[in-house]
Amino acid sequence: MKCPHCQSLLAANTARCPGCGFCEQALSSYLGDQWVRLERLTDRAHALPMADSQRLLHQMDAFERQFPQVFLAIYIGSLPPLLNPVELGMWLLNHGAFSTHQFAKRNEYGMVCTLDPAAQRFGFAVGYALEKVLPEPTLERISLEMKEHLAQGHLAAALEGLLARLERIYRRHGQPQSAQLEEAILPGRAGNPRDFGLTPLRQGHQSKAPTETSSPHHS
Amino acid sequence: MSRHPYDPPVPSALVLTMGLLLAVFHPLATAQDLEDADLTLPEWDASEWRQQAIEAAPPLAGGLLPSLGEAAAAPATVNDELQLRFQDAPPQFDIEALSAQLSDGRAIPWFAAVDDAPAAASATQSEPALAIELRDLTPEAVETILQWPKNDPLVDPTAELSEMEADELRRFLGYHATQARLPLRAIVTGKNHQLKDPAALTAITSAETNQLGGKPAALLIYPMGEPWRARLFLPPTALHAVSQPFLREAVEDCVAAARRTTRVESQLHDYLVQLSVRLFWIEKHLPPVVQSASPEPIEIAPPLAEVGSGDERPATVTFVPWNFLVTQWRTALAWVIGLLAAAGILMWAISVRRRSRARHLRTHVWMLPEVDSTPRLGGAFSGGAGFQTSW
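Residue numbers (our numbering), protein chains in the order written: chain A, 94 to 312; chain Z, 1198 to 1588.
Read the hints as simulated data drawn from the structure, not as lab findings.
Take these hints with a grain of salt, some might be off.
Stated by the list, open to error - Label-pair distances were calculated between CB atoms; the ranges are:
1) E132/A x L1536/Z: 50 to 56 Å
2) V1549/Z x Q270/A: 19 to 25 Å
3) S1553/Z x R130/A: 37 to 43 Å
4) H1557/Z x M143/A: 31 to 37 Å
Unchecked claim - Here are a few chain A residues that face chain Z, going by a calculated C-beta distance under 7 Å:
5) Q100
6) N106
7) T107
8) S122
9) Q159
10) N177
11) V219
12) Q268
13) A272
Glycine included, each C-beta is placed from N, C-alpha and C at the ideal position.
With the rest of the complex left out, here is chain A (with noise of 0.2 Å):
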């Protein structure tokens, strides 16, 4: 494993880099050590038309249905100046909140892909659960596919390669199990009103069930 700041080779234990000092409170003491919440695709820099958004959306849902606990975020950016996409990457993954259909998904689970069109820079990181799935040659690999679309300036097809090209990987590392009855039965369903710009009703707002008391024809 190697620090993300530095690059130094670190041991499974480490708390600090022993090269650079490097840490997670370091990265806290610059952005904060509050949570924040994050969508899973957040385009910040305005660099994915909306129907690009709504294709990519489908596939992140499709792509969550196969794997129930795993999870890519998508960040797209500029940088602060002093981070790199992978730290980043690691401190959205420790301090981050995503809004993906199952919050129960834990954040070991997760990947943050960050992407800085302005400094033409992307990197990824990955929580504790997929170090093993996801290595660095594997991690490289996929981002020589990502570059060759994004130095054409294709955007969309570098993040649709990325969610293709992970789920053989996850694929082929997880074990098939049936899913339940109803995804079966409804697989193109989307999960989650917000996806489609829909806001669920609080609590109070909601129709009461008529209950046996104020029905009307109720004797």
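Use these hints to put chain Z onto chain A, whose structure you have.
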């Protein structure tokens, strides 16, 4: 001139006679000596000496064995001759070993009898017969063929071959029949003969007629001096064992071997020799023999590789790509249908697999293994593992 008194008396008539004889014969004797001095020793080239040796030497074993001249001109060994003539022959074909198995222990000289030098007494190759000159075999000849002894590999209804040549060919064909799974039966016809009557052809090429030693035999109908019009018939097993180009090449090689010489008898001989070798090659492609209690009747296939079918000129086989589609349209149609069916089956299989895979993706989820991890760099969920690059 005075004579000495003690000199013996010399008769004047004798002296005169001697002088006259000297005067008459001395110039003649001098011219003969000069002529003898100018004449060189008799010179013969190899072919003349060889021909004289052949004619002078008495035939051995009725002419079946090589005579003095042939033996002198023949190659040192059988394999040398085979190597010269059939360089593409399979190496495992050991003709010496096969020859050694003859009952009389003497090698067959058919290879030694091949002679490119035209013999004065034998007919030589002439122009190909014109189409208008060709005539069908007479019914009597056909009947003679049908009545010919079944165990005779050489059928000569019109007596085209001399007895010695016929015996030699019979010996060779008999030897081939003992060694090969595919015996050869040859029908020799006249130069201008042809066999176009379907009924007669069917009767001649029937399975009952063409069996040697209980084995189905290949049948060759050979017009003397017209090797390009020879017709070859093979049993169905042999016909389907090898490809058409292979058979075409075999027949072409037989014709080429026959055309290397001008003697019509040698042409037939060379044709049969080359065909014998090719039948051995075809034999290697035959399925293994299965012993059955009741052998099934074997039918002779239709003409397989007909080098010439009554043409007045030597047939030339040229490969035209679309010719296959025209002549073998049934095969081509079968291929097209087969390919379309295979493509349809492949597309159907791909479609089924895609649907199955889609169903599998809808109805299954993939669970990654749980991993016990030790926090690193103070991160609760991530220790900064990843990769970064630029584009």
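Okay, the hints, checked on the actual structure:
1. The hint said 50 to 56 Å for the Cβ distance between E132/A and L1536/Z, and at roughly 53 Å that hint holds.
2. A C-beta distance of roughly 23 Å is found between V1549/Z and Q270/A, which places it inside the suggested range of 19 to 25 Å.
3. Take S1553/Z and R130/A: their Cβ atoms lie about 40 Å apart, and the range 37 to 43 Å holds.
4. Between H1557/Z and M143/A the Cβ separation comes to about 32 Å, which falls inside the hinted range of 31 to 37 Å.
5. Using the Cβ-Cβ criterion of 7 Å, the hint placing Q100/A at the interface with chain Z is not satisfied: the shortest such distance is roughly 10 Å.
6. Checking N106/A against chain Z by beta carbon gives a least distance of about 5 Å; that is within 7 Å, so the hint holds.
7. Taken as an interface hint, T107/A checks out: its beta carbon lies about 6 Å from the nearest beta carbon of chain Z, inside 7 Å.
8. A cut of 7 Å between beta carbons decides the hint on S122/A: the least distance to chain Z is about 11 Å, and the hint is violated.
9. The beta carbon of Q159/A is positioned within 7 Å of a beta carbon in chain Z (closest approach about 6 Å), and the interface hint is therefore held.
10. Because the smallest distance between the Cβ of N177/A and any Cβ of chain Z comes to about 6 Å, under 7 Å, the interface hint for this residue holds.
11. Below 7 Å, beta-carbon pairs count as interface contacts, and V219/A has one with chain Z at about 5 Å; its hint therefore holds.
12. Taking 7 Å as the C-beta cut-off, the interface hint given for Q268/A holds, the closest approach to chain Z being about 5 Å.
13. Because the beta carbon of A272/A sits about 5 Å from the nearest beta carbon in chain Z, less than 7 Å, this interface hint is met.
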